[in-house]
Every structure is written in structure tokens, then in C-alpha cells.
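One-letter residues, chain by chain:
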Amino acid sequence: MKQVLVKADAERAMGNVFAAARGRLPGAGPVPQIRERAFEIYERTGLPHRRMEDWKYTDLRALIGEVLPLAPRPDAEALVRAKVSVKQVAADQAVKLVLVDGIFAPELSDLGDLENEVVVRSLREVLENSATGAMAGLVLSTTSDPAISLNAAMATDGLVITVADGNALERPIQIVHVATGLSVSTFTRCYLQLGKGAHAAIVESFVPAERASGYQANDAIIALVGDEASLSYIRVAAAASDAVNISSAIIAVGARAKLDLFSMTCSGSISRYQEFITLAGEGTKLSANGVNLIRDRLHADTTIVVDHAMPHCTSREKFRAVVDDCGRSVFQGRIIVRPAARNTDATMTTRALLLSDQGEVDNKPELEILADDVTCGHGATSGALDDTLVFYLRARGLPEKDAQMLLIKAFIGESIEEITSENLRDLVTAQAEHWLRAGR
Amino acid sequence: MALLEIRDLHVGVEDREIIRGLHLSVHAGEVHAIMGPNGSGKSTLSHVIAGKPGYEVTDGQILFKGEDLLQMEPDERAAKGVFLAFQYPVEIPGVTTMNFLRAALNAQRKARDQQEFSTPAFLKRVREVAGSLNIPQDMIKRGVNVGFSGGEKKRNEILQMALFEPGLCILDEIDSGLDIDALRIVASGINALRSPERAMIVITHYRRLLDHIVPDIVHVMSKGRVMKSGGKELALELEACGYAQFEDAA
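Order-wise, the sequence lines are chains L and U.
According to the UniProt record's numbering, the first sequence holds residues 1 to 440 in order.
According to the UniProt record's numbering, the second sequence holds residues 1 to 250 in order.
Possibly wrong hints are sitting among the right ones.
Calculated from the model, a selection of chain U residues having no Cβ within reach of chain L, i.e. all distances over 10 Å [as the list claims (entries may be wrong)]: (1) LEU105; (2) ARG127; (3) ARG142; (4) ASP181.
Taking CB as the label site, the calculated pair distances span [as the list claims (entries may be wrong)]: (5) U:GLY177 x L:ASP165: 57 to 63 Å; (6) U:PRO53 x L:GLY214: 54 to 60 Å; (7) L:GLU433 x U:HIS23: 23 to 29 Å; (8) U:SER229 x L:ASP296: 22 to 28 Å; (9) U:HIS23 x L:LYS364: 31 to 37 Å.
Since the hints were made in silico from the structure, they are not lab data.
Where is the CB? At the ideal position from N, CA and C, for every residue including glycine.
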């Protein structure tokens, strides 16, 4: 039978949402045109669906019943609720920059604590200043991915962070996204530029405020990492249990740089995190790791694409998923080794732990090797907790639940321990433990 | 009253009866050796005492200090003082030995309504005991048994036994996979824990272990029952004559 995928009501609604929002979207000079173009690119495919290979496990056309109107600017009451949530996820020693419902909230941010080595502007400020039109084009650059194009069209605000050549930040910068709304959509876009030899740690946290519900967040971060630079990027995503979180990271790295990426998704009705990393210089080392923690009927998809474009780069990926109840975890990992990328050394492992019989895990590792003389490997496993380990711990006095907990912590610890900063590792561990305790 | 009293125990696995009417009395201060051929039910007995799932006790009783062990979860038995040194200790990546020891000991203490061990005192105690068992400090910081040799895994079992101070120690083929030097270290670690308050059950195929850990009583097990019990000289007799006579008798 021939299948015809018709445009869903959701997508028609999306067009209406864009039309309705247009007047509120910031942008001077070329920006409105860039947005129009981005929306056109989005419209060619519409909401990603299962017949698009990259979205086959996360069929937004089927999963998102309707596209919600753009969130209003947060009022004083929303900011009060947001403040409480920011406190809950604040990373030790980090300089916080807070976005509430897609709008930068300077009153909740630590702008005064920013080091001299970094320049931070709001995306709104950059887009509305016609002198920064070239930068606006860069920030809103789009890809063929519909979610990213839609984000470029709809972004209401975000942060533009630049660290000049040779500068090193002592404290991490934490971008906190707080959702306070009911049945609204939010779109933010952040841009990070790390100059040659610069060092920075960026944490991006997503958190719902009290009473936030049924919202849809679509966020993107674009990072350009210079030669010999070093970036740690840690993303921790929590969302209301009936909310949608789609986020994308597009990262291009120069030569002899060091990149340390980690992402954890631990709630949200439907989550998709997609990370596209291009190793565009020689001799760069990438470590890209992550964890999905899923229970109830939640769905979390982590997709990582590593593009080895130049020789002598190393990439390591360790992904872990823990699935309970009727949860579904998706991991798609693609490694591309371009013809020029001689002596590439790339490995990827993905392991899933199923705590119930009804959970589902989809692992899709892909290697696209177009060069000779490369080392490239992947491994994927999924299974239940090992009963012999549980019994060993119980025979030593640990109650069954504690024994299981210890083993789950150890399992996700294999990925979390790759985070080099102890503070940030502790932040992630604390969130993971919070998730584990909530399920008891 | 015996510390451990097993009466007419019958245990099956998937409709096959492995232990068939076993009786055993172990008093505090005693070391019992259980010897017997492969498949006689020695390891099954140790698993059932420790509470490993997958066995069906169809009849009989196991009393520890007068309490019915079969009604307790494995962790409750551990907190009451039952310790099984595993024939094949498992590897637990991602959980350091130190964290594991602390979690286990404090879980036991909590179950007994005792205060948790303070960290400096605990660290000091672990270092002392590890030192006496020739366990290098860096091993304690690694994942439990990960990358350990057979001998190191067995020494780690004895380390736990020494720290938890159980009333009943069951050593399931603690000598398997050990060379002579490792056997000597493990045996002296075990001997150091002999005390008038504590009982031990040493399960082995070989007399050699019993040269190092001299038992008070030796039992011969075959086909799920204790066929004969005697003094330590019974082990010598077994070595001379083998197990065949008992298998025939069963």
C-alpha cells in the first residue's frame, strides 16, 4: 500500500504560529529575511517524521499533536518562580546567565561576576543592532535539519558569548533555561565563539519552574572553537513530564583543540538532543558522552554526529541509558570520516540498562568511513541488571533497592566520570541521583 | 544451643532435588569442614544459607542463633552476621572497593540500629586489615574486583570478612584458583578471625586447605546429605580412599 504523508494539522498550525509571532521576533537589517529563509527551509520538510532517517525513532509529526503559540514575555510572577528553579540547578562557582521562557533575564543573571576575558550580549541586542548584521547571519545560520531551521526562524533571544584569543575563563558559565509557561512554545539560540587558545567551560541547564506544564522548548547552541582552544560543554536537561524539549548543538572545532562534551536528559515527555560536531582542524581531541535517564512513558533521543574532516583527530563517545517503566531511549551515533581525515581514531560505545520489561531502547550506531588508515569502532549493548551482582551486594548487607541503586549509579558513572571538572561532575552526579531517588 | 542448626533440609532447583535431608549443627568457636565430590550439594548449601534466589527449600529448617534464616532477606542475614565468601567473587565496575565496603558496613550497622562508622576510623581500619592481607592500597581505590587476579579476589573476600566481623563465616572453595603463597596469606587471614564467638564452615575439595585451616569437625557430603562426620583425621582418610565409598553408600 502506498503511504502518503500529508501535512499534519500541527504543521499548518506552525505556519500560523510563525505568522503570529513575526512581529515579536527581534531583528533589524537582514534578519527578517534570514528568518523567512529559515522558515522556508523548515517548511520544505515540516515537522520531522519517521521517514526521515535521522528522526526515524522520534517522529515529531506523530508525537506533537499541535504547535503551541509563542510564550509571552515572562512577567514578575514568572520571574519569581524562575528564580527558585535557577537556585535548584545552580552549579558551584558558575556565573549564571538565565533565559526565562526564551527571553534573557538580566535580573536573575550574574552579569557583574563575568570575567573580563569574556564578552556576553543577548541575542536580541545583537539581532536588533544593524551594525551586527553579519554576526546575525552567523548566529542564525541554518542546516537542512528542520528543527534547527525552525529555531533560526523563531528564536526570540539567547546569548552571544565570545572569548578572545588566548583568554582562559576561570569560572564556568552556566546558561539556565527556565520554562514557566503553560502550553506555550519557546525558542532560544546561543552562540559561542572561543578564540585561538582560549579555554572555557559552559554548562547549559534546562529546568521547569513550579506549575510549568505542557510547553515546547526548541533551543540551539552554535559553537565555534578555535585552534588550540579547550571547551567543556555540559548539558543537563530536565523538563516538565508533559513538556517537549528539542535542542541542538552545532559545534565546529579547529586544530589541536580539546573538546569535552557531556549531555544528560532526565525528564520531559519528549526530548531530542542532537549534537553535530565537525572536527575541522588537525590533531583535535574530542570526548562526547551522555546519559539518558527515562521512566514513565517518556521518550528521550540523543543523536550525536561526529564529522572527522581533517587528519589525526581522536574522538571518544560513551553513551549510557537507563530505562524504567514504559520509557523509551534512543541513541543514534554517526561517525563520518572524510577522505582527508587520515589517521582518524574514533570509537563509540552505547550501553543501555533496562529496569522493566516494558521499556524500549533503540541504538543506531553508524560509521561512514571514506578514508584509509583509520581506527574506528563501535559497540552497543542492552540488558537488565545483573542478578549475580545484586545478590553479591545483598549478601554483604545492602537492601535490594540500595544494591540496585549502587549498580545503576556505577553504570551511568562510566559516562559521567569522563567529565574532567570535578565540580561539574558533581553537578551532574547530583542530578542523576535526584532522578534515581525520585523513582524509589 | 548451636549457632547454626540445620534440620532435615531439602532443596531443589527446577524440580531437581539437590539437598536431600541434610542435618548440621555448628557451635560458636568451631570450624567445620565440608568435603565432598562435585555435585554433592556443597555450594548449594552455602547459597541457601546466604539466601541466594533461585533455590526452592521444600522442607526443613535453618536456624541461626535460634532465628529462622529462611524467613530473612539476604541482606537481613548479612546484618545478623552470616557471611558467605564467594567461590567466584564478582567484578563491579564503577564501584570502588572503599565505597562498597563503607556502603555495606553501614547498611549492616543501620539494620542493627548501630551508629554509622565515622569515616576516618573506617579508613584506618580498612588500611590496617588490607595491610595484613597484603592488599595494596591502590586496589581499594579501584572498582570492586575489577582486574583483580583470582588470588586478589579471594583476599578481598577475607578483607570483607575481617571488617564485617560476622558470627558465621562460610568459605566456599576459598582455595580454588590460589597458588601456594596466596593460599597461605588467605589461610592466615582466616585463622586470625577464629574466635570463641565465631563459627566457620570451610567448603573444599582438597585436604591441602585443611593443613592451613585446621578444622574441629570434618563432614563428608554426598548426594545432598552428610554421609559421615569426624575429626580432622577424616580428611586424611578421604585423601587416601577417595569419595567413592560414600557415593556408593548413598
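Note whether the CB distance of SER229 (chain U) and ASP296 (chain L) lies within 22 to 28 Å or breaks it.
57 Å, violated
With 10 Å as the threshold, tell me whether ARG127 (chain U) passes as away from chain L on beta-carbon distances.
19 Å, holds
Can the suggested window of 54 to 60 Å be confirmed for the beta-carbon pair PRO53 (chain U) and GLY214 (chain L)?
43 Å, violated
Nearest-CB test (10 Å) between chain L and ARG142 (chain U)
12 Å, holds
Please verify that the nearest CB of chain L lies beyond 10 Å from LEU105 (chain U)'s CB.
Contrary to the label, LEU105 (chain U) does not stay out of reach of chain L, its closest Cβ about 7 Å off (not over 10 Å).
Okay, GLY177 (chain U) versus ASP165 (chain L) on CB: inside 57 to 63 Å?
59 Å, holds
May I ask you to check that ASP181 (chain U) keeps its beta-carbon over 10 Å from the closest beta-carbon of chain L?
26 Å, holds
Tell me if the beta carbons of GLU433 (chain L) and HIS23 (chain U) are separated by a distance inside 23 to 29 Å.
47 Å, violated
Cβ distance range 31 to 37 Å for HIS23 (chain U) and LYS364 (chain L), holds or violated
Once the Cβ atoms are compared, 58 Å apart, the range 31 to 37 Å for LYS364 (chain L) and HIS23 (chain U) is violated.
When the structure is compared with the earlier hints, violations turn up for hints 1, 6, 7, 8, 9 and for no others.
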